[in-house]
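All chains should be built: construct the whole structure from the sequences, respecting the hints.
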Amino acid sequence: QQQVKQSPQSLIVQKGGISIINCAYENTAFDYFPWYQQFPGKGPALLIAIRPDVSEKKEGRFTISFNKSAKQFSLHIMDSQPGDSATYFCAARDGGSQGNLIFGKGTKLSVKP
Amino acid sequence: GAGVSQSPSNKVTEKGKDVELRCDPISGHTALYWYRQRLGQGLEFLIYFQGNSAPDKSGLPSDRFSAERTGESVSTLTIQRTQQEDSAVYLCASSPARAGEQFFGPGTRLTVL
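Taken in order, these protein sequences are the chains called H and B. Mapping to our numbering: the first sequence position 109 is 109, numbers consecutive. Mapping to our numbering: the second sequence position 42 is 42, numbers consecutive.
Treat the hints as calculated values from the structure; they're not laboratory data. One or more hints might be untrue.
Said to hold, decoys possible - Cut-off 35 Å, straight-line C-alpha distance, at most; resulting in silico cross-link-like pairs (DSBU-like, lysine-lysine): (1) B/Lys15 / H/Lys5; (2) H/Lys105 / B/Lys57; (3) H/Lys5 / B/Lys11; (4) B/Lys11 / H/Lys42; (5) B/Lys11 / B/Lys57; (6) B/Lys15 / H/Lys108; (7) B/Lys57 / H/Lys57; (8) B/Lys11 / H/Lys112; (9) B/Lys57 / H/Lys5; (10) H/Lys42 / B/Lys57; (11) B/Lys11 / H/Lys58; (12) H/Lys68 / B/Lys11; (13) H/Lys105 / B/Lys17; (14) H/Lys105 / B/Lys11.
Treat the numbers as computed from the prediction; the structure is a model and nothing was measured.
Now the structure itself:
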């Protein structure tokens with residue numbers, strides 16, 4: 001059973017465009033929703049995270065939009081750059097758990113110059 | 001300061017052999033997680049250590065998998081009688097506290113022939 005569903009699997013965007021990656025979840029006990037960025041041969045690195053008491057969080061060119069009623073959240077990358085080309089993972093954490101994250105399957109983003 | 005380190009970076013083994021993977025967490029981090037990342041997939045939680053508490057082994061896929069951690073230091077993940085389906089990248093993450101931000105190492109790529 002996939003608890004966090006991520007789409008699309010891959011995404012190609014032109015430089016300067018907006019990249020949008022979507023995630024959906026079922027477990028209402030999730031209380032923390034991070035996005036990780038992973039470059040080839042590297043471990044994932046935290047990019048931005050949100051808690052369900054806010055609907056949007058912005059850090060530079062990266063924005064998370066959160067819809068609690070729809071149990072969906074998305075990552076928007078504004079003015080996408082070739083250096084943003086990486087695999088992006090959404091994740092969720094059960095507030096009653098030990099803190100382990102449940103990850104989506106990832107989106108491979110390619111930003112064309 | 002140094003991040004999370006893992007060794008070896010790559011491991012090729014024959015089916016049926018045992019392998020041991022090592023993780024050095026960030027100094028002072030009490031929580032340590034192991035994840036498995038299969039090709040094209042998201043990260044799959046394996047095991048969690050928090051200080052001297054009993055580990056959460058709920059994600060271990062079979063009894064061939066085990067892990068140890070001494071106090072708040074190094075952890076080793078052991079896979080006995082490896083199978084081809086064990087081929088994956090094994091990622092370790094540490095966190096300064098339970099449910100805190102997780103910092104990932106670069107992973108160990110395991111290939112079972």
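Comparing the hints with the structure gives:
| no. | hint | in the structure |
| --- | --- | --- |
| 1 | B/Lys15 / H/Lys5 | 33 Å, holds |
| 2 | H/Lys105 / B/Lys57 | 22 Å, holds |
| 3 | H/Lys5 / B/Lys11 | 31 Å, holds |
| 4 | B/Lys11 / H/Lys42 | 16 Å, holds |
| 5 | B/Lys11 / B/Lys57 | 23 Å, holds |
| 6 | B/Lys15 / H/Lys108 | 31 Å, holds |
| 7 | B/Lys57 / H/Lys57 | 34 Å, holds |
| 8 | B/Lys11 / H/Lys112 | 34 Å, holds |
| 9 | B/Lys57 / H/Lys5 | 24 Å, holds |
| 10 | H/Lys42 / B/Lys57 | 25 Å, holds |
| 11 | B/Lys11 / H/Lys58 | 40 Å, violated |
| 12 | H/Lys68 / B/Lys11 | 42 Å, violated |
| 13 | H/Lys105 / B/Lys17 | 29 Å, holds |
| 14 | H/Lys105 / B/Lys11 | 24 Å, holds |
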